[in-house]
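*Asks:* The lines below spell out each chain.
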Amino acid sequence: MLYFFEQFLNGIQLGMLLFLLAAGLTLIFGIMDLVNLAHGSLYMLGAYFAATFADWTDSFLLGAMLALAATALTGMLLEVVAVRRLYGRSHLDHVLGTFGLLLFFNELVRLIWGPAGMTLSLPSEMLNAVEVLPGLFYPLYRLVIIGVTLVVAVLMYLLIMRTRLGMLIRAGASNREMVGALGINIKLLYTMVFGLGAALAGFAGLMQAPILTVQIGMGENILIAAFVVVTIGGIGSIRGAFVASLLVGLADTVGRSFMPDLLHTFLTESASSSLGRALSSMMIYLVMALVLIARPEGLFPAAGK
Amino acid sequence: MSPAPKVAVKTGWSIGPVTPRVGLNIAMIATLAVVPVYAALTGNAFALTLFTRVVILAIAALSLNLIMGFGGMVSFGHAAYLGIGGYAVGILAKEGIGSGFVQWPIAVAAAALYALIVGALSLRTRGVYFIMITLAFAQMIYYVAIGLDRYGGDDGLTIYHRSSFGGLINLSNRIVFYYFCFGLLLVGIYLVWRIVNSRFGMVIRGARSNERRMRAIGFPTFRYQLVCFVIAGAMCGLAGALLANHTDFISPAMMHWTRSGDLIVMVVLGGMQAMFGPLIGALTFLILEEGLSRLTEYSNLILGPLLLVVAISIHGGIDGLITGQRGG
Chain R
72 MLYFFEQFLN GIQLGMLLFL LAAGLTLIFG IMDLVNLAHG SLYMLGAYFA
122 ATFADWTDSF LLGAMLALAA TALTGMLLEV VAVRRLYGRS HLDHVLGTFG
172 LLLFFNELVR LIWGPAGMTL SLPSEMLNAV EVLPGLFYPL YRLVIIGVTL
222 VVAVLMYLLI MRTRLGMLIR AGASNREMVG ALGINIKLLY TMVFGLGAAL
272 AGFAGLMQAP ILTVQIGMGE NILIAAFVVV TIGGIGSIRG AFVASLLVGL
322 ADTVGRSFMP DLLHTFLTES ASSSLGRALS SMMIYLVMAL VLIARPEGLF
372 PAAGK
Chain V
4 MSPAPKVAVK TGWSIGPVTP RVGLNIAMIA TLAVVPVYAA LTGNAFALTL
54 FTRVVILAIA ALSLNLIMGF GGMVSFGHAA YLGIGGYAVG ILAKEGIGSG
104 FVQWPIAVAA AALYALIVGA LSLRTRGVYF IMITLAFAQM IYYVAIGLDR
154 YGGDDGLTIY HRSSFGGLIN LSNRIVFYYF CFGLLLVGIY LVWRIVNSRF
204 GMVIRGARSN ERRMRAIGFP TFRYQLVCFV IAGAMCGLAG ALLANHTDFI
254 SPAMMHWTRS GDLIVMVVLG GMQAMFGPLI GALTFLILEE GLSRLTEYSN
304 LILGPLLLVV AISIHGGIDG LITGQRGG
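As you go down the protein sequences, you meet chains R and V in turn.
Residue numbering for the first sequence follows this note's numbering, starting at 72 and increasing by one per position.
Residue numbering for the second sequence follows this note's numbering, starting at 4 and increasing by one per position.
Check the hints yourself; a few may be wrong.
As the list claims (entries may be wrong) - With the Cβ distance kept under 10 Å, some of the chain R side facing chain V (calculated, not the full set):
| no. | residue |
| --- | --- |
| 1 | Tyr74 |
| 2 | Ser130 |
| 3 | Ser192 |
| 4 | Leu193 |
| 5 | Pro194 |
| 6 | Arg213 |
| 7 | Val215 |
| 8 | Lys258 |
| 9 | Phe298 |
| 10 | Thr336 |
| 11 | Leu338 |
| 12 | Thr339 |
| 13 | Met353 |
Since the hints were made in silico from the structure, they are not lab data.
Here a beta-carbon is modelled for each residue, glycine too, at the ideal position from N, C-alpha and C.
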């Protein structure tokens with residue numbers, strides 16, 4: 072039971088992380104109608120920036136804040152220089168163009184930081200474990216991730232539902248031409264939305280950096296998972312992305328921790344471990360295929376699309 | 004009424020006026036035909052290996068162009084068929100069945116069956132959802148391959164003997180193998196041309212430009228698209244069988260999602276809906292990749308932005324540049 076609860080927390084943590092990526096992806100898709108394969112690159116950049124700046128400043132917190140700003144700026148620069156020119160083109164052109172960007176960023180990181188990868192160490196007070204239930208110790212840092220991403224999610228909700236910028240974002244998602252016709256600087260709005268998405272991706276990357284190694288290509292697998300989330304949730308819907316993130320995070324973690332044991336009840340040890348590994352990696356795609364077969368537009372289809 | 008002006012048929016097989024496009028295609032085919040001669044004369048064995056790869060991946064891109072270019076079905080999981088075809092050959096070889104007469108039909112049938120299942124489920128969705136669900140299915144197959152411990156799991160599996168066709172044809176001879184693949188490519192291009200210009204192909208193309216209208220005039224577009232999807236899958240499965248024989252090796256990396264991305268790049272780069280587009284694309288992409296990697300260690304710094312420029316500024320790929328026509 073304790074083990075189950077621990078895995079449950081792991082699932083929530085993965086889900087919240089996916090939400091940070093998926094929220095940006097789905098915003099960018101909903102408003103600019105852009106399929107952005109380079110979103111995972113911004114996640115990777117966030118992690119690399121954090122590792123570098125934390126090294127320079129000797130402070131995890133300072134490094135993280137600088138990295139967040141740097142990723143947001145990189146995102147906005149990317150939008151102005153390149154991505155802007157892809158708006159209004161076919162999704163296929165988006166796939167081609169942003170695939171090129173993904174290759175570019177992987178290579179750029181290899182050029183700047185070298186192929187070896189980096190580590191980002193946590194401040195010592197973050198290394199402790201907390202007793203969340205009697206007998207169950209859980210790493211403090213993972214709890215911090217859950218807490219901080221929840222705060223970010225609430226802030227995003229407030230930003231989108233309660234501010235003027237959020238109103239423009241929502242208006243842009245439902246009718247872009249009309250927002251432009253009403254005299255809103257739509258180009259600036261797009262740049263800001265892309266920067267926001269980049270900041271969220273970079274944030275996810277820097278939060279995850281101390282748990283994983285910071286390495287080239289780290290953004291790719293999680294990008295695909297984030298696409299799965301966006302697709303399950305319904306493209307363009309933040310609420311859908313939130314629900315789907317938790318669903319995918321839990322499905323993945325629970326699958327990984329229980330599938331081999333479950334199979335072991337009726338298979339041999341080695342067969343169940345290899346099959347279990349394969350099945351649990353497939354889990355989220357299976358969930359997505361099932362959802363799309365039942366609801367071809369995802370769980371929460373965005374209105375007016 | 005004035006008589007209809009003479010124009011070269013868009014698909015380029017008629018012996019009409021030699022437009023730049025026809026000229027390029029003839030030059031390309033002629034060049035490919037003499038590659039083994041060049042390789043033998045200069046002792047450049049690598050050229051033969053590279054061009055064999057070009058020809059095989061051109062077959063895969065050709066099959067993708069059939070559904071993506073002509074059918075409007077953007078499959079982001081096309082590398083899965085390459086993998087299925089390859090694994091069919093590899094697994095049977097490992098189990099001691101070396102005959103190509105068994106291996107290849109199984110490779111094609113397995114890929115077709117997979118395409119039937121994926122197509123039947125995916126074609127319910129449209130647009131980005133279709134892109135994503137085809138990607139999801141390909142990812143599943145990718146992880147299945149990783150889970151196949153007996154056949155190498157993550158590390159892949161070496162194939163010690165190429166498919167044997169009795170005394171009929173010896174695939175271990177690299178020149179023979181090249182011409183065999185080249186022949187299959189030409190047959191493939193001819194087949195796609197026939198399909199696209201048949202009544203069946205008209206329905207597929209009609210459904211791409213306006214599916215609702217096609218349904219309204221009474222065509223069950225779903226069935227047509229599904230059949231088209233299966234044909235493309237089978238063709239790509241054959242390319243997978245060739246690829247496994249070419250590299251003497253299979254591994255899950257064959258169907259990594261970036262491979263599917265590469266195939267899309269080839270088709271778009273060459274020019275969608277152009278009969279020779281996939282070949283132009285495969286040739287350009289692979290030679291560019293090879294050339295750049297010789298030029299600099301960081302070749303993707305150039306290749307990546309180049310793809311972006313193609314996406315932004317070139318409609319209809321290289322074929323579109325030559326004909327000055329805008330691809331759809």
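*Asks:* Let me know if the C-beta of Leu193/R comes in closer than 10 Å to any C-beta of chain V, holds or violated.
*Replies:* violated (30 Å)
*Asks:* Taking the closest Cβ pair, is Ser192/R under 10 Å from chain V?
*Replies:* Since the shortest Cβ distance to chain V is 29 Å, the answer is violated.
*Asks:* May I ask you to test the interface hint for Lys258/R with respect to chain V, counting a Cβ-Cβ separation under 10 Å as satisfied?
*Replies:* The hint is violated - Lys258/R has no Cβ within 10 Å of chain V, the shortest such distance being about 16 Å.
*Asks:* At a threshold of 10 Å, is the proposed contact between Thr339/R and chain V supported by beta-carbon distances?
*Replies:* Because about 12 Å separates Thr339/R from the closest Cβ in chain V, which is outside the 10 Å limit, the hint is violated.
*Asks:* With chain V as the partner, please determine if Thr336/R meets the hint condition of a C-beta pair closer than 10 Å.
*Replies:* For Thr336/R, the interface hint is violated, since the closest Cβ of chain V sits about 18 Å away, which is over 10 Å.
*Asks:* Interface hint check: Leu338/R, Cβ to nearest Cβ on chain V, cutoff 10 Å. Holds or violated?
*Replies:* Since chain V brings no Cβ nearer than about 13 Å to Leu338/R, farther than 10 Å, the hint is violated.
*Asks:* Once the shortest beta carbon distance from Val215/R to chain V is found, is it less than 10 Å?
*Replies:* violated (31 Å)
*Asks:* Next item in the hint list is Pro194/R. Is there a CB on chain V closer than 10 Å to its CB?
*Replies:* Hint on Pro194/R: violated, closest Cβ of chain V at ~35 Å, above 10 Å.
*Asks:* Is the shortest C-beta separation between Phe298/R and chain V less than 10 Å?
*Replies:* At about 6 Å, which falls below the 10 Å cut-off, the nearest Cβ of chain V leaves the hint on Phe298/R intact, so it holds.
*Asks:* Does the interface hint hold: is Arg213/R within less than 10 Å of chain V, judged Cβ to Cβ?
*Replies:* It is violated, given that the least Cβ distance between Arg213/R and chain V is near 25 Å, above 10 Å.
*Asks:* Restraint: Ser130/R near chain V, CB-CB cut 10 Å. Satisfied or not?
*Replies:* With a closest approach of 32 Å, the Ser130/R hint is violated.
*Asks:* Less than 10 Å between beta-carbons is the criterion; does Met353/R satisfy it with respect to chain V?
*Replies:* Holds, because the Cβ-Cβ distance from Met353/R to chain V comes to roughly 5 Å (cut-off 10 Å).
Going through the hint list in order, the structure does not satisfy hints 1, 2, 3, 4, 5, 6, 7, 8, 10, 11 and 12.
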